[in-house]
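J.: Place chain B on chain A using the hints.
Below, each chain spelled out in residue letters.
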Amino acid sequence: MPSNNNSTNVTDLMWVEKYRPRKIEHIVNQKDIIKSLKNLIKKPDELPHLLFAGPAGVGKTTTAICLSMELLGDDWRRNVLELNASDERGIKMVRDRVKEFAAVIKIPSRIERKGNGNKKEVPYRIIILDEADEMTSEAQTALRRIIEDSSKTTRFIIICNYLSQIIEPIQSRCAIFHFKKLEEKDIQEDLKKICTNEGLDYEEQALSKIYSYTEGDLRHSINILQTASAFGQINLSNVTLAMGLSGRSKVGEVIKLAIDGKFNDSRVKLLELLYVYGLSYTDFFKYSYQEIKNMKLENIEEIMSIMAEYDYRLTVGAHPEIQLTSFLAQLATIGSNIKSKK
Amino acid sequence: MYWTELYRPTIFEQMIGNEETRLSILKWIVKWLPGTKPILLLGPPGVGKTTIVNIISRMFDFDLIELNASDSRNSSQLERIINPILDNSSLLGKKCLLFVDEVDGISGRDDTGGLDFLLEIIKLSSHIPIILAANSLNHRIKNLSKACKVLRFQPIPPHLLLMFINYILNQQDKQLSLNEKLSIVNLSLGDIRIMINLLQARCSGYANQSNNTGTRLDISEGIQYLLSSHDKTDFKRVLSITDSSFPDPRYGLSPEERRKDIINALFTSFVSSNLDIKNLSIILEKLSYLDIFITKIHEKRSWHLLRYMESLITQQLFDSSKNYNIKYNQYGISWPLMGKIFSRGKSIKNLIQALSKLFRVSTSTFGIMYFDYFIKIVSVNNTDISNLIYNSNLDIKYSEIIQKELERSLRK
Numbered sequence: 001m002p003s004n005n006n007s008t009n010v011t012d013l014m015w016v017e018k019y020r021p022r023k024i025e026h027i028v029n030q031k032d033i034i035k036s037l038k039n040l041i042k043k044p045d046e047l048p049h050l051l052f053a054g055p056a057g058v059g060k061t062t063t064a065i066c067l068s069m070e071l072l073g074d075d076w077r078r079n080v081l082e083l084n085a086s087d088e089r090g091i092k093m094v095r096d097r098v099k100e101f102a103a104v105i106k107i108p109s110r111i112e113r114k115g116n117g118n119k120k121e122v123p124y125r126i127i128i129l130d131e132a133d134e135m136t137s138e139a140q141t142a143l144r145r146i147i148e149d150s151s152k153t154t155r156f157i158i159i160c161n162y163l164s165q166i167i168e169p170i171q172s173r174c175a176i177f178h179f180k181k182l183e184e185k186d187i188q189e190d191l192k193k194i195c196t197n198e199g200l201d202y203e204e205q206a207l208s209k210i211y212s213y214t215e216g217d218l219r220h221s222i223n224i225l226q227t228a229s230a231f232g233q234i235n236l237s238n239v240t241l242a243m244g245l246s247g248r249s250k251v252g253e254v255i256k257l258a259i260d261g262k263f264n265d266s267r268v269k270l271l272e273l274l275y276v277y278g279l280s281y282t283d284f285f286k287y288s289y290q291e292i293k294n295m296k297l298e299n300i301e302e303i304m305s306i307m308a309e310y311d312y313r314l315t316v317g318a319h320p321e322i323q324l325t326s327f328l329a330q331l332a333t334i335g336s337n338i339k340s341k342k
Numbered sequence: 001m002y003w004t005e006l007y008r009p010t011i012f013e014q015m016i017g018n019e020e021t022r023l024s025i026l027k028w029i030v031k032w033l034p035g036t037k038p039i040l041l042l043g044p045p046g047v048g049k050t051t052i053v054n055i056i057s058r059m060f061d062f063d064l065i066e067l068n069a070s071d072s073r074n075s076s077q078l079e080r081i082i083n084p085i086l087d088n089s090s091l092l093g094k095k096c097l098l099f100v101d102e103v104d105g106i107s108g109r110d111d112t113g114g115l116d117f118l119l120e121i122i123k124l125s126s127h128i129p130i131i132l133a134a135n136s137l138n139h140r141i142k143n144l145s146k147a148c149k150v151l152r153f154q155p156i157p158p159h160l161l162l163m164f165i166n167y168i169l170n171q172q173d174k175q176l177s178l179n180e181k182l183s184i185v186n187l188s189l190g191d192i193r194i195m196i197n198l199l200q201a202r203c204s205g206y207a208n209q210s211n212n213t214g215t216r217l218d219i220s221e222g223i224q225y226l227l228s229s230h231d232k233t234d235f236k237r238v239l240s241i242t243d244s245s246f247p248d249p250r251y252g253l254s255p256e257e258r259r260k261d262i263i264n265a266l267f268t269s270f271v272s273s274n275l276d277i278k279n280l281s282i283i284l285e286k287l288s289y290l291d292i293f294i295t296k297i298h299e300k301r302s303w304h305l306l307r308y309m310e311s312l313i314t315q316q317l318f319d320s321s322k323n324y325n326i327k328y329n330q331y332g333i334s335w336p337l338m339g340k341i342f343s344r345g346k347s348i349k350n351l352i353q354a355l356s357k358l359f360r361v362s363t364s365t366f367g368i369m370y371f372d373y374f375i376k377i378v379s380v381n382n383t384d385i386s387n388l389i390y391n392s393n394l395d396i397k398y399s400e401i402i403q404k405e406l407e408r409s410l411r412k
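From first to last, the protein sequence lines are chains A and B.
If you read the first sequence in our numbering, its first letter stands for residue 1, the second for the next number, and so on.
If you read the second sequence in our numbering, its first letter stands for residue 1, the second for the next number, and so on.
Isolated chain A (complex conformation) (with noise of 0.2 Å):
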């Protein structure tokens, strides 16, 4: 199974690209949604802009590519900007990026054609923003106004996790698809697919360990089983270990460390994740949330509430730092006991 191969790239190595559907009839289990955009891509033309809201690794971002390869065709590259909005989620970048891609009109395909008459002409271009909920909502405001005057020329597809924090002006000028979690069994499945491609046994169990921990991301998932992969054996001990991998423990352990009044240690594993890792400090507390929730405190719901506090106030604050250690400083004085160690 290693791969010596001498073309390898980066994105053949890790299965969760290696197995990233290319057609939408590929897409685990979203077959409403599936259906429906089919539908829609019979007549380009008349497409209108998407909103795809749902949680993460369920297939979002797939799908908008799938949709882009198939509405463009080989040069579909050429013609789609892919943005992440939670990297740049201000004004600026939708004033720069977004607005400089949308007003160029769309290449025309006439130079290829040569020689090939049956080539079908570019519809428009496609601009996929994945995490449009991170952008601040004057960034939305802009790119309100963007998403009117390009119509001719471009379409949207706007990707968030929460559709709440689309302004409504953006809802209303898009078609809405909401993707849902995934079952055990979807992910299960999935899984093994992999497994079997791959040419590996495994034990049930160590599946479901994954569901368990990944509340149904498959890309999640995928990195995980891996990983597991990677260590040996697709088994419960090598899944757990891992898990321990992941930045989401290490999120666990900076709120552990807090909490067992290890104070210091916890703010400079913090500022490792910040400032190593690149996580951000919305997601901070999105894994933070996560990791607690399975921790099985005695007094879960005291924490909870400072932890809605914490993250009610870096949203309304200026210095994310002193939010967040705020934070730690709150747990460390409350402390708490696992309740049940399991």
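It is possible that some hints are incorrect.
Simulated pairs of lysine to any residue, SDA-like, Cα-Cα distance not exceeding 25 Å [said to hold, decoys possible]: (1) B:Lys357 to A:Asp133; (2) A:Lys262 to B:Ile277; (3) A:Lys99 to B:Ile277; (4) B:Lys322 to A:Asn264; (5) A:Lys180 to A:Pro48; (6) B:Lys142 to B:Pro158; (7) A:Lys31 to A:Cys195; (8) B:Lys37 to B:Arg140.
To be clear, the hints were calculated from the coordinates, so they are not data collected in a lab.
T.: Only chain B this time, still in chain A's reference frame:
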């Protein structure tokens, strides 16, 4: 030459303060025999711990082997340096004196096994005299301190500092008013190094400038003074003459603007102090509140509210900080630790950015949900890294960074 080096004592008699402690050290070294317990010098910075060790090693002609926080101090590193000298002969044939400075700064994480190794050395071998130094007793060095004779240093008392100021001024042929001298003594909190630095700054024209235009204190000086004032009016007065601002850092700050951001400066000073967690959590809660208040002013552009800031800060922070000797600190954690985090972050930040594009996720998601998995997977795949990087159309400089991270993960 910096004055702190220029006026570093070279003989025992030149030192000031902590007379009894210094005498005990002298007695210890004179009576030292194989088997004598090592000593641990405990005390705040700038009171002469390092200086006395240098002086006695010269007095008694020891070859001084010194390890401080700038050296990496994990167990293998320490073994490499210490083992060869344990039989008490240096290259020069002189007797050795081992001095491990800032033992409370030996990190549990990055200097793996360092403390255990030291403890072992201290317990097993007593062939050479060993001196340890630390600012405070934390839980990590508790065991170490039990195996040693602990000698405590106190901050230098004001009258001795004043004497020393007069001595230096005399040497430099400079003059300051008594008030200025007292303010320096006050600001330095018994730390000779801080005192000399302040004195040098004042003497190099800084004072003249500030006297004419109504004093403006640099942020470091301001915060230092602020946090040592014993009176609310004083606290607020210092706040109002400190050269600082209330920016909104979300829109990017230059390093200088960041330094002047008073909320941040208060934060880094408090959080790096030795305050107990109860007090610290109260102070942090207040800073968190102040941050929100300032952000609202910026968002609503209600600049008139800024007139309340000095009162707000005073009201919120004076009571909780008045009784602790908190010092100005530009960084929230010690620089050696922060430096390590920054330099590793700097080297892998671009890598994470480039890879996240290939995997179509945000950098934060890549850092958390992919990076360590990726490193593990690369490590078992026998893949040639430079090939892998080349085939992925990535900058070839990343292969070195990946190689480093691979080695790092294997060390764990």
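J.: With reference to the structure, classify each hint as holding or not holding.
T.: Checked hints:
1. B:Lys357 to A:Asp133: With Cα atoms ~19 Å apart, B:Lys357 and A:Asp133 stay inside 25 Å; holds.
2. A:Lys262 to B:Ile277: holds (10 Å)
3. A:Lys99 to B:Ile277: This hinted pair is violated, its Cα atoms lying about 49 Å apart.
4. B:Lys322 to A:Asn264: Judged against 25 Å, a Cα distance of about 22 Å means the pair holds.
5. A:Lys180 to A:Pro48: holds (21 Å)
6. B:Lys142 to B:Pro158: violated (31 Å)
7. A:Lys31 to A:Cys195: Since the Cα atoms of A:Lys31 and A:Cys195 sit roughly 24 Å apart, the hinted pair holds (cutoff 25 Å).
8. B:Lys37 to B:Arg140: holds (20 Å)
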